[in-house]
Amino acid sequence: MRIISKYKLPRMNNSERGKFYRQKYREYEDQLDRDVQRLQGEVNEVQRLLELRQILLHRYPCVGFDGVRVATQVVYEGLIRLHERWVSIDRGAASPTPSLAELDSDEIRSAEHTLERLQLYPSQSEHFIARHQNSSTPLMFKLQSIEIQGGNDSRIVVANGRLYVRYQPADLDELFPVTRHNKQFAARLLAREVAYDCTYRFHTAAPLDVSELLFVSVDVDAVGGLLAVIPSLQCSTLHRPDQWHWRSF
-13 MRIISKYKLP
-3 RMNNSERGKF
7 YRQKYREYED
17 QLDRDVQRLQ
27 GEVNEVQRLL
37 ELRQILLHRY
47 PCVGFDGVRV
57 ATQVVYEGLI
67 RLHERWVSID
77 RGAASPTPSL
87 AELDSDEIRS
97 AEHTLERLQL
107 YPSQSEHFIA
117 RHQNSSTPLM
127 FKLQSIEIQG
137 GNDSRIVVAN
147 GRLYVRYQPA
157 DLDELFPVTR
167 HNKQFAARLL
177 AREVAYDCTY
187 RFHTAAPLDV
197 SELLFVSVDV
207 DAVGGLLAVI
217 PSLQCSTLHR
227 PDQWHWRSF
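In our numbering, the protein residues as written are -13 to 235.
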């Protein structure tokens, strides 16, 4: 494969030129592998949504096919909208209202109602996710189940799943400041993939309408995920207990 550079290359001998193009080709293959993995993840997500749609039809016959179709669409589009906003929330943590105001009519048509119902300040779970999404170790959500709740005037679509992450050393100091003083804690976090139970709630008008996404909330079991990796969180407080709290996450 011919790799064309848009930059003028420095003068190189044959050996240097060979090393240069081999490195470029390795970078190309690495990027290709990442793109394939991302596309495969999206395919798996769509397949899971189709499976859940069939389950929902049996579980909620009164909702009907159109309602179930919209419910899965709410989950899919809602998650995309949320994760596009996590970095904005983290960067605007000192003044969160402007970041929430970025929810324009193209994304959520009932923006004026959305802003009234959204919390003025992001929750601890939102901060936890935002800090990860603004690092080199973003959280990856895997959907496990969908529920439809609510009465005749409103519906709540609940998406249950897990957030997965494999931490890198460069991000631990920022995400978990306590690791600066507890290398055992850091080693355990780096040793394996960490999974956090997570629940998203999408409140919509009834009948279900993907354009009327009125309120969004998220709950992350950060402590439970860490306890699955670390037998006792007490080991993290031996040196600097003042740094072990939610905002440090």
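If you are wondering where the hints come from, they were derived from the structure by calculation, not from laboratory data.
No residue lacks a Cβ here, since even glycine has one placed at the ideal position from N, Cα and C.
You may find that some hints are simply not true.
Distance windows between CB atoms, simulated [said to hold, decoys possible]:
| # | residue 1 | residue 2 | range |
| --- | --- | --- | --- |
| 1 | 51 | 23 | 31 to 37 Å |
| 2 | 128 | 17 | 22 to 28 Å |
| 3 | 183 | 6 | 18 to 24 Å |
| 4 | 124 | 6 | 28 to 34 Å |
| 5 | 25 | 109 | 28 to 34 Å |
| 6 | 210 | 30 | 21 to 27 Å |
A quick look at each hint next to the structure:
1. For residue 51 and residue 23, the hinted distance range of 31 to 37 Å is satisfied, since their beta carbons lie about 33 Å from each other.
2. Under the hint 22 to 28 Å, the C-beta atoms of residue 128 and residue 17, about 23 Å apart, fit the expected range.
3. Here the CB-CB span from residue 183 to residue 6 is close to 47 Å, at odds with the stated 18 to 24 Å.
4. Evaluation of the 28 to 34 Å hint for residue 124 and residue 6 yields a pass: the beta carbon distance comes to about 31 Å.
5. The hinted range of 28 to 34 Å is satisfied by residue 25 and residue 109, whose Cβ atoms lie roughly 32 Å apart.
6. The hinted range of 21 to 27 Å is satisfied by residue 210 and residue 30, whose Cβ atoms lie roughly 24 Å apart.
The structure fails to meet hint 3 from the earlier list, while all remaining hints are met.
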